[in-house]
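Those protein sequences? They're chains A and B, same order as listed.
Here the first sequence is numbered in our numbering, starting from 49 and rising by one per residue.
Here the second sequence is numbered in our numbering, starting from 8 and rising by one per residue.
No lab work stands behind these hints, which were simulated from the structure alone.
None of the values given here were measured: they were computed from a predicted structure.
The hints are all genuine.
In silico lysine to aspartate or glutamate, DMTMM-like type, Cα no more than 20 Å apart, as pairs:
| no. | chain 1 | residue 1 | chain 2 | residue 2 |
| --- | --- | --- | --- | --- |
| 1 | B | 9 | A | 194 |
| 2 | B | 9 | A | 197 |
| 3 | B | 9 | A | 178 |
To give an idea of the interface, some chain A residues facing chain B are shown, with a C-beta separation under 10 Å as derived from the structure:
| no. | residue |
| --- | --- |
| 4 | 113 |
| 5 | 114 |
| 6 | 138 |
| 7 | 139 |
| 8 | 142 |
| 9 | 146 |
| 10 | 157 |
| 11 | 161 |
| 12 | 162 |
| 13 | 165 |
| 14 | 167 |
| 15 | 196 |
| 16 | 212 |
| 17 | 216 |
Just so you know, even glycine gets a beta-carbon here, dropped at the ideal spot from N, CA and C.
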Amino acid sequence: MTVTSEISEAPPTTGPARLRAEGLTLSYDRRTVAESLGLTIPDHSFTVIIGPNACGKSTLLKALARMIRPTAGTVYLDGAAIASYRSREVARRLGLLPQSSSAPNGITVGDLVARGRYPHQRFLRQWSTEDEQAVAEAMRQTGVLELADRPVDDLSGGQRQRVWLAMVLAQQTSILLLDEPTTFLDISHQFDVLDLCADLHEQRGHTVVAVLHDLNQACRYATHLVVMRAGGEIVAEGAPAAVVTAELVEDVFGLACRVVEDPESGTPMVVRAARRPGGRSTG
Amino acid sequence: MKVVSGVVLRAGSWSVRVSPRAAGLSGVLVLLLVVVSGLALAVGEVRLTVGEVVGALTGEGGGADFIVNTLRLPRLLLALLVGAALAVSGGILQSLTGNALGSPDIIGLTNGAATGALLAIIVLHGSMTQIAVGALVGGLATALLVYLLAFGRGLGGFRLVVIGIGVSAILLAVNSYLITRATLQEALAAQTWLIGSLNNRGWPQVGSVAVALAVLLPLAFWYGRRLGMLELGDDTARALGLPVGGTRLVLLVLSVGLAAVGTAATGPIWFVALAAPQLSRRLLRSAGAGLLPAALTGAVLLAVSDFAVQRIFSPALLPVGVATGTIGGLYLSWLLVSESRKSRA
Chain A
49 MTVTSEISEA PPTTGPARLR AEGLTLSYDR RTVAESLGLT IPDHSFTVII
99 GPNACGKSTL LKALARMIRP TAGTVYLDGA AIASYRSREV ARRLGLLPQS
149 SSAPNGITVG DLVARGRYPH QRFLRQWSTE DEQAVAEAMR QTGVLELADR
199 PVDDLSGGQR QRVWLAMVLA QQTSILLLDE PTTFLDISHQ FDVLDLCADL
249 HEQRGHTVVA VLHDLNQACR YATHLVVMRA GGEIVAEGAP AAVVTAELVE
299 DVFGLACRVV EDPESGTPMV VRAARRPGGR STG
Chain B
8 MKVVSGVVLR AGSWSVRVSP RAAGLSGVLV LLLVVVSGLA LAVGEVRLTV
58 GEVVGALTGE GGGADFIVNT LRLPRLLLAL LVGAALAVSG GILQSLTGNA
108 LGSPDIIGLT NGAATGALLA IIVLHGSMTQ IAVGALVGGL ATALLVYLLA
158 FGRGLGGFRL VVIGIGVSAI LLAVNSYLIT RATLQEALAA QTWLIGSLNN
208 RGWPQVGSVA VALAVLLPLA FWYGRRLGML ELGDDTARAL GLPVGGTRLV
258 LLVLSVGLAA VGTAATGPIW FVALAAPQLS RRLLRSAGAG LLPAALTGAV
308 LLAVSDFAVQ RIFSPALLPV GVATGTIGGL YLSWLLVSES RKSRA
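Chain A extracted, bound-state conformation:
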């Protein structure tokens, strides 16, 4: 068998970025969402994609993970077109947390997280010691190890989201794509998840790409910010401090605001302009 000893081996960091897209045209339900998009995800970055609803950011993330096939253009993973890989090989290099997943009835937390090992398993290698270690570690990182024997159905929304995240971590890929990982979470769990992503990026050198809704969270955590406008156009890219201005936010989100310095982190912070009595606020 030609099974892989080169499991998700990162190429030297000096070369071109591991994950990039060229000339992407994306459609969803026969509607064109974005045209001739180019995007390079810097290696070992924490890249955050922001933009208004339905601007195509989730679609872009799905294309980067080969979940959908672009109508034109190519996504490159480790130097080769992502479409040329076998499905499992992609899943050994790149993990994706989709917006929604369904847990089979009655499955326990441990068994669900263990599904993340699927790309590393074979018919007669169903549960190796590496599988066991990877799953236990992923559950420890996300704080769900104590829940291992509980049915997923019994968990709160926040716990469930951490279980799904643990499943993606158990995949042990050095590139992680997360589609709105903070939805369904209360504010403290939102920051838990973002801190975890920051740790993965800082301590392990993982490349993390996340779609987020909260501008201030994006500015605080991203090392590389990608701003998309309705119509699927990338309008700005770079370090949050260099990118985020009141004009950009007004232009992209139609939101009158001021951009000030976050007193905690020194990153840009978007503050909604105050309502003037008797009229709409102005920028």
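We have chain A already, so just place chain B on it with the hints.
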């Protein structure tokens, strides 16, 4: 700390995860299978001793040879094979559609097979083999039709079930119409086939079903693991490296093939494909399709039902489907009721 359920067996680089409950259930079902088979071979118009049955099976002949090897054994084997085929078919389809009603008899395959068989009887005046082929073609064509109608917006489980029920109703009307166009003799032959029974079936049917299952069942068990991955949702399964579209199509073809082969051999036998996987799922109390326990449950259910209609209601020739519905339905209702009581407590 142990994080996953079940027992892990390792040897060198090999490792296998076994669920003790599934293994235990399968063991009990195999035991039941042996007991039912023994009864089916020994008890009947002529009552045989265990020694006589064993003697006949091992080829030591004697007076029991004809009764066991020609009359009872092929009938028993056919019940076991068809029961397993229908149960696995239902298990796959229910899991794919995420709906307990997503079983081949509900979504029209059985009525489609009947249409094929009726055409073979009434139009072609076919032989037993031709009727079976007609049923096979009818079942497959119906599956293709339902698939094409449901395909437009992906294979949403509920959509497939609703379209299948519609197609099934149309085919039922077609079947009734076909019978009105038949001569009395053809109508009798058609009615006999439509009852769905293991009467008058012999080694040729056993042989063809066995050959088909020898190909389809191992493939179904092999793909069964992927079925569990599909239950996570398309996006997640794809992200974990499963080629979702291809896998779903292969599983669908396997399910349809199993149902069509089973129905072609015996005529429509209702309820096995619907109830057997649900029964084994509830007995397992776990996620996942569990195709092996489902297959064993189907085999036991059909063999017990056939034994019941032969012995309890004899000499009346009751269709075995009546017994599968009664036995399986009662047991499933009891399981459901006791389950809901437990969850309320």
